[in-house]
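Visitor: Take the given structure of chain A and dock chain B to it, following the hints.
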Amino acid sequence: MLTQNILHEIKLLSRNYWFVSLTVVITGLSIYAGHNGLKQFEKRQANLTEAIQNQLEKVERVDVIATALANGEEHPRAFRLSPMNYSIATGSLTIMPAEPLSKLVIGQSDLYTHQVNISSREDLATMSFNELNNPVQLLFGNFDLNFVLSYLIPLLIIAFTYNLKSQELETGRFRLLASNPINIKLWLLQRFIVRFLALVVVITVVLLVTMLSIGVKPDLNLLQFFGLTYAYMAFWFALTFLVNVFGFSSAKNAVSLLSLWILLVLIVPTVINQMANTIYPMPSRVALLNEIRSTKKQLGKEQDKVLDEYLRNHPELIRNEGENAYGYWQGFYASQEITEKTLNPLISAFDKQLNQQQNWVNTWGLLSPAVIFQNGTTRLAGTSAAHYKEFQNQTKTFNIEWRDHFLPFVFKNKMLVKSDLEVLPDFEFDKGVVESSAASGVIILFLFTLILSMIGLLYKKSEQSVSIN
Amino acid sequence: MVFHIAKKEIRETARSGQFKWMLAIVVLLCTVAVFISQRNWEAKNIERKQATENARTLWLAQGATNPHNAAHYGTFAFKPQFPLSLIDPGVEKYTGVSIFLEAHSRNEADMVAAADQTGLSRFGDLTPDFILLFVIPLLIIVMGHRSVTREKEGGMLRIIKSQGVSNWQLVFGKWIGNFMPIAVLTAILFIISALFIENVEWPFLITMLLVYLAYFAIMNSLTLFISTISRSSGLAMVSLLTIWIVGCLAVPKIASSYTNDIYPYPTRVEFEASVAEDKSKGLDGHDPWNEASKKLEEETLKEYNVEKLEDLPFNFDALRMQKGEEHEAAVYFKHNERLKEIYESQTKVYRKLAVLSPFLPTRFMSMALANTDYATHWNFSDKAEKHRVEMQRILNTNFAENSKLGEWDYQADASLLNEVPDFAYEAPDFKQVLVAGQSNLLILSLWLVLSFGLLFYSSTRL
Numbered sequence: 001m002l003t004q005n006i007l008h009e010i011k012l013l014s015r016n017y018w019f020v021s022l023t024v025v026i027t028g029l030s031i032y033a034g035h036n037g038l039k040q041f042e043k044r045q046a047n048l049t050e051a052i053q054n055q056l057e058k059v060e061r062v063d064v065i066a067t068a069l070a071n072g073e074e075h076p077r078a079f080r081l082s083p084m085n086y087s088i089a090t091g092s093l094t095i096m097p098a099e100p101l102s103k104l105v106i107g108q109s110d111l112y113t114h115q116v117n118i119s120s121r122e123d124l125a126t127m128s129f130n131e132l133n134n135p136v137q138l139l140f141g142n143f144d145l146n147f148v149l150s151y152l153i154p155l156l157i158i159a160f161t162y163n164l165k166s167q168e169l170e171t172g173r174f175r176l177l178a179s180n181p182i183n184i185k186l187w188l189l190q191r192f193i194v195r196f197l198a199l200v201v202v203i204t205v206v207l208l209v210t211m212l213s214i215g216v217k218p219d220l221n222l223l224q225f226f227g228l229t230y231a232y233m234a235f236w237f238a239l240t241f242l243v244n245v246f247g248f249s250s251a252k253n254a255v256s257l258l259s260l261w262i263l264l265v266l267i268v269p270t271v272i273n274q275m276a277n278t279i280y281p282m283p284s285r286v287a288l289l290n291e292i293r294s295t296k297k298q299l300g301k302e303q304d305k306v307l308d309e310y311l312r313n314h315p316e317l318i319r320n321e322g323e324n325a326y327g328y329w330q331g332f333y334a335s336q337e338i339t340e341k342t343l344n345p346l347i348s349a350f351d352k353q354l355n356q357q358q359n360w361v362n363t364w365g366l367l368s369p370a371v372i373f374q375n376g377t378t379r380l381a382g383t384s385a386a387h388y389k390e391f392q393n394q395t396k397t398f399n400i401e402w403r404d405h406f407l408p409f410v411f412k413n414k415m416l417v418k419s420d421l422e423v424l425p426d427f428e429f430d431k432g433v434v435e436s437s438a439a440s441g442v443i444i445l446f447l448f449t450l451i452l453s454m455i456g457l458l459y460k461k462s463e464q465s466v467s468i469n
Numbered sequence: 001m002v003f004h005i006a007k008k009e010i011r012e013t014a015r016s017g018q019f020k021w022m023l024a025i026v027v028l029l030c031t032v033a034v035f036i037s038q039r040n041w042e043a044k045n046i047e048r049k050q051a052t053e054n055a056r057t058l059w060l061a062q063g064a065t066n067p068h069n070a071a072h073y074g075t076f077a078f079k080p081q082f083p084l085s086l087i088d089p090g091v092e093k094y095t096g097v098s099i100f101l102e103a104h105s106r107n108e109a110d111m112v113a114a115a116d117q118t119g120l121s122r123f124g125d126l127t128p129d130f131i132l133l134f135v136i137p138l139l140i141i142v143m144g145h146r147s148v149t150r151e152k153e154g155g156m157l158r159i160i161k162s163q164g165v166s167n168w169q170l171v172f173g174k175w176i177g178n179f180m181p182i183a184v185l186t187a188i189l190f191i192i193s194a195l196f197i198e199n200v201e202w203p204f205l206i207t208m209l210l211v212y213l214a215y216f217a218i219m220n221s222l223t224l225f226i227s228t229i230s231r232s233s234g235l236a237m238v239s240l241l242t243i244w245i246v247g248c249l250a251v252p253k254i255a256s257s258y259t260n261d262i263y264p265y266p267t268r269v270e271f272e273a274s275v276a277e278d279k280s281k282g283l284d285g286h287d288p289w290n291e292a293s294k295k296l297e298e299e300t301l302k303e304y305n306v307e308k309l310e311d312l313p314f315n316f317d318a319l320r321m322q323k324g325e326e327h328e329a330a331v332y333f334k335h336n337e338r339l340k341e342i343y344e345s346q347t348k349v350y351r352k353l354a355v356l357s358p359f360l361p362t363r364f365m366s367m368a369l370a371n372t373d374y375a376t377h378w379n380f381s382d383k384a385e386k387h388r389v390e391m392q393r394i395l396n397t398n399f400a401e402n403s404k405l406g407e408w409d410y411q412a413d414a415s416l417l418n419e420v421p422d423f424a425y426e427a428p429d430f431k432q433v434l435v436a437g438q439s440n441l442l443i444l445s446l447w448l449v450l451s452f453g454l455l456f457y458s459s460t461r462l
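Taken in sequence, the protein lines are chains A and B. For the first sequence, UniProt numbering begins at 1 and goes up steadily by one. For the second sequence, UniProt numbering begins at 1 and goes up steadily by one.
Pulled out of the complex, with its shape left as it was, chain B reads as follows:
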């Protein structure tokens, strides 16, 4: 019985002119979105691959050089372009993709794409996630808001009931009838995207599809719930659009304003000033007259039981450099940990606020599965810093072991540059992403249960 109703519902939808128009628009938008995203993705991918190779070539091309010069010359860590960013570019536009790795300082990720765009970019981009998150829920509402009210307004309800259909069968049949076209459309969008993506990571892609289907199921249940309890189609439409605007537009903005208000970030100038202050309190690898340098000098002389720095079995300049580097790394670590604490507090607030709208958990899960969320960016930044510290250690050790005090013109063999490993970023794996996203998944499931509950409840009142 349920399937008869669903079939009838789908047939009716397919016949309606409104649906044909909406479908045509959505399909057109999807095609354009996938096509443009694919082109951008391809271009950026080539760009980043070339840049990664270039950076390495430039690094190695230094040839025989002083290790500390090499450290200042530095190199770049690039965040790779992840396959699923084609579907959901997440916060990529705002985070930057490369980090300059050099002696003495931890740099922020640079090249924020949004800064290279007009003010219009804040309206959003026409990418598949925009259609999935905003447009398809609207399609569900437009298709489904009259589903039940139509029967009431046309006086069909009594006739249908007289056929021996239970309320739940009727509502559930309509639910399926409304959901199936959307599910098929979504699946097609994902399949087309998958065709364009090289090296698809199936667990990520399939989970993302499931997350979106859950999101649409919630929207569909809410639509039918409102349609069931509303007196007229017009009223159902207005209520549903209010839900859409509040859930998809207002709540995210309120959440971001609220979160930023209770856990504000320091400004860049402030952050840099406090780093500089802490740095100046400790050892400066380039300043032998600094208090901490003097102390290190004494301790080292005592440890090796020699009178003069020249008598040490290694180059003290390089040791000082390394100790300075370690101090600076610790300062950066401390301040970045503080920043991370703010970020983590903010994330916790976002997680809690996710109960306000099914949009939020879906948004967060989608970004996480595409490796384009803020957590991945932090992970990238931390790994790049680890790589930088290791790079400095290798260079300073070579300097210390192979030269004498004051021998600033020492040149290490070009092979030293090869000893510094190439930076390759591995994003969190599937399991880690799921573990990190468990609260979002839980909230999404709760929304699913709740929306079905509401629908079931309303069906008993029909």
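If we strip away everything but chain A, and leave its shape as in the complex, we get:
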């Protein structure tokens, strides 16, 4: 029965005008989406290269001065080697390189910046990581491969499977089948598996063609990407299988499945997001701004006290030159650190809420396969919210490291020399901290598939009553 069934299905599919033409449409859309991703990727790379180049030029300009001074020459721009000038004007750069899979999943990469100029003057509390962009574009989102796979493929699956059983009933062939000594559910399951495998082959080919045309090299992440896609497809097949087993009419099947699609892909994610925002509301950024200002104002008034307290905490910075040895910058850095300490609880309140929102979303997101899929793909592509949060945190940490590196020079009123420029802190984004595996997503989706299929197989409704309906 199995071989016959398979052969029959293949024959049906190859003759199915819709299947063939929609495959062509999906191929076209997929390649178009891939190219959108590629352009985004190229733009990001170009911007990154340019930012690195600019930073190198800045560093080189100071290097030239330092070399001249080291050789005992004089230089009109020697002030460039003052620790304040270097740490602020030359500064440093933190970058977040693009992962190859970001060509497929644009994710949050249009919202956040990938390169941040580091200056010891920067206020950590108000540091902005948003990229300059047209907000309309952010509102509409991008037409990338992720969209094609998570929104459109389920519809394709629904279109090809919603009537696998009901059609037989409606055309009367079901009675013929029922007269044969076969298990109807097994027969139906086989049909589903054959169609699933056929679509897996089609999608694999479509994806491979897309990857080739936009130049994504195979690696472990790509393998996981394929795995996640198959798991997502399997989920939708299991869902249509279940609805088929329940045995409504074709029209009713179609409407129920489409309603489920709308619910799972469109409404559940929105509701979960809305609830996360409502249950764990963000504290007010506006209030934070005012808090920052009053704190600074207060510290400004007590400038001397601030410096005293600061030096008490940093005895290594004290010079033995008596009172009034410290100028503007020493006071500036002292109050900067104390401001940060004072504001820290306020700022961490934001991170805490965001973490709680993320936990909420991670838990309830399991209700929607689209959320599981998107969570997995953005993680694989390094464009998830978690990746950007990590980049931002590392940037902030680096900013402090950068400032701290120059503090001894500032407090000792010491100019930088050539050898100092060779041991400056350097930034490299460590993405290893963020979980970037899709394994859990794959497992959960397959688990759902299994559960739905089992319910379908165990569901008992007399076939007789169905065929009479």
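Bear in mind the hints are in silico, worked out from the structure with no lab data behind them. Glycine included, every Cβ here is placed at the ideal spot set by N, Cα and C. Fair warning: there could be bad hints in the mix.
Label pairs and their computed distance ranges (CB to CB) [what the hints assert, rightly or not]: (1) B:Trp289 to A:Phe332: 21 to 31 Å; (2) A:Glu42 to B:Lys8: 51 to 61 Å; (3) B:Ala43 to A:Arg312: 37 to 47 Å; (4) B:Ala43 to A:Asn313: 30 to 40 Å; (5) A:Ser437 to B:Trp289: 50 to 60 Å; (6) A:Arg312 to B:Lys281: 38 to 48 Å; (7) B:Trp289 to A:Asn313: 31 to 41 Å.
Guide: The following block gives chain B in isolation, referenced to the frame of chain A:
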């Protein structure tokens, strides 16, 4: 006759279990959406009002101070929370609501809400506009796709025709029958929202309602058109959903990807670097050794016919500061104008692409009427900059007129702070919004005419 058909259609819809379910879900979603939006709106409104007052209090609390210190201390310009943002928050989530006004630099709007949310926020928010733009068209499709095919499949068409009903009467009656429940539902949603909104600006609200009704009328005509030409209900359903997905999901995304590709924005780092470069080419108010400063010095001495800066009747430091400020303002103006050019080119592309789907003109008009579109944000940003420039002028003038050269410890009277007016943003008025949105309104009207035309054409083939 048309009304008999409409009445029958409504009765049949009301009896169908599917409709009851859909209606219950939509009503539930609407209630939740309005309720949550109202709560958020209220909270944000209080937050912003308090912040505005706070900013002013802090500004005035500086007391007697050096005018330039005050300029560095700065203050904030807040975008008010507009009443109709309760229905359509538009791009607010991505634009930020406050701008820091300080000496020497024009700042971008800060506090982008989307940056404070999880990645899920990109799926959208459950707000009334989400229901109006996405869910109600689906309701129209589910209710109406069988409207005509049902009669064909049941063989009723001949019987109906034998009653002396013309094709157009039949189709139009069904159109009304399908549209009325939606119109009533929409009106109720708007009335409930209006109850929650304080200071409703009626022309905006009513126009918004009309825009959405036009959008639903278009979707309704398309639904009945497809139902009329389709052989079976299933086919009609699949075709209509394809139209919905393409029109409401795919076209906006394609439009945004395409627009961003042909007119890309510079990155923030790039933008800031080019501003910094241009700034360094001119006068720096804090740097007396700079070339442009020297030139200004010479010119001023010549103009007043004196030898030394000390002999000038005002504080030259402050004049230099003001000239520097003017130079910087010009640099910011130039670069922001460039950015604006990109934005305007993008807007033009979006306007043209709006012919691809009735979703786009509706989306744009709805945001514009709620004062939550990108144009309003630009308008806000420009006005805040104008306010900043004026603020600097007032402070520097006081500094120049009341102190001597090098007198950096000069303190102006606290009343000076009061001379700097409070920033209050007025959004574009109704007429301006309509003028700016005329192409969208035109395209929406064209869609209306076209969809009715299609429906009329299909009715002749019934």
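Visitor: Evaluate each hint against the coordinates.
Guide: Each hint tested on the structure:
Restraint check, Trp289 of chain B to Phe332 of chain A: a C-beta distance of roughly 22 Å satisfies the suggested window 21 to 31 Å. Distance hint check for Glu42 of chain A and Lys8 of chain B: the Cβ-Cβ separation is about 59 Å, which falls inside the suggested range of 51 to 61 Å. Range check, Ala43 of chain B to Arg312 of chain A: about 41 Å between beta-carbon atoms, so the 37 to 47 Å window is met. Roughly 39 Å separates the CB atoms of Ala43 of chain B and Asn313 of chain A, a value that falls within the hinted 30 to 40 Å.
At about 57 Å, the CB distance of Ser437 of chain A to Trp289 of chain B agrees with the hint of 50 to 60 Å. Taking 38 to 48 Å as the suggested C-beta distance range, the pair Arg312 of chain A and Lys281 of chain B conforms, at roughly 45 Å. Checked against the given bound of 31 to 41 Å, the beta carbons of Trp289 of chain B and Asn313 of chain A, roughly 37 Å apart, stay inside it.
Hint compliance for this structure: every hint is met.
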